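Novice: Sequence:
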Amino acid sequence: MTEEVNFILDSTKESMGNALKHLEKQFSNIRAGKASPAMLGSVTVDYYGSQTPLGQVGNINTPDARTITIQPYEKSMIQEIEKGIMIANLGFNPMNNGESVIISVPPLTEERRRELVKQAKAEAEDAKVGVRNDRKSANNEIKKLEKDGLSEDIAKNAEVDIQELTNSHIAKIDDLLVLKEKEIMTV
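Just add 24 to the spot in the sequence shown (first one is 1) and you have the working numbering.
Just to be clear, a hint being listed does not mean it is correct.
Dumping the calculated DSS-like pairs for lysine-lysine here, alpha-carbon to alpha-carbon at most 25 angstroms [stated by the list, open to error]:
{"hint": "1", "residue 1": "K196", "residue 2": "K49"}
{"hint": "2", "residue 1": "K49", "residue 2": "K37"}
{"hint": "3", "residue 1": "K107", "residue 2": "K45"}
No wet-lab data here; the hints were simulated from the structure. Note that the structure is a prediction, hence the values are computed from the model and not measured.
With the hints as extra help, turn the sequences into a complete structure.
Specialist: This is the structure we're talking about:
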């Protein structure tokens, strides 16, 4: 029985860790004023009939804090790259010089910064809900095992361990949110 309890604890820890990883990925898509290749992570381009991630059709660089350049592997892809960026609706206005696509990242207004903080808070809340759902699932599994003959002491200890996992992951989510808020609000 204790092997099953350990398995539940391990899988819960992994699920909660995945919620954290997902949050970090979502945070990387929220731009904080500085140009970064991650800002274009959601952009796909029509590459000979199939939707392909931008990073697979060109080299993405940030020569300075306000500029992103995309050097296509094939010059014929310049128009498709521009179209893909516009369709992604990231608020960028791509231009090309015949060789590459250049995006000038506009500075964030105070209002836009506040919107991004709200977006970050919503993402953090979603991650917390995910962690709490993982806790609920794990506790339900423990209760099932208890009905099947798991001792009450082991069940209580497992529930305490699950709550500690939950608390530590929610604290990590809060820490990530504080860092992201600071990053967004720094001018």
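Novice: Evaluate each hint against the coordinates.
Specialist: A quick look at each hint next to the structure:
no.	hint	in the structure
1	K196 / K49	holds (14 angstroms)
2	K49 / K37	holds (18 angstroms)
3	K107 / K45	violated (30 angstroms)
The structure fails to meet hint 3 from the earlier list, while all remaining hints are met.
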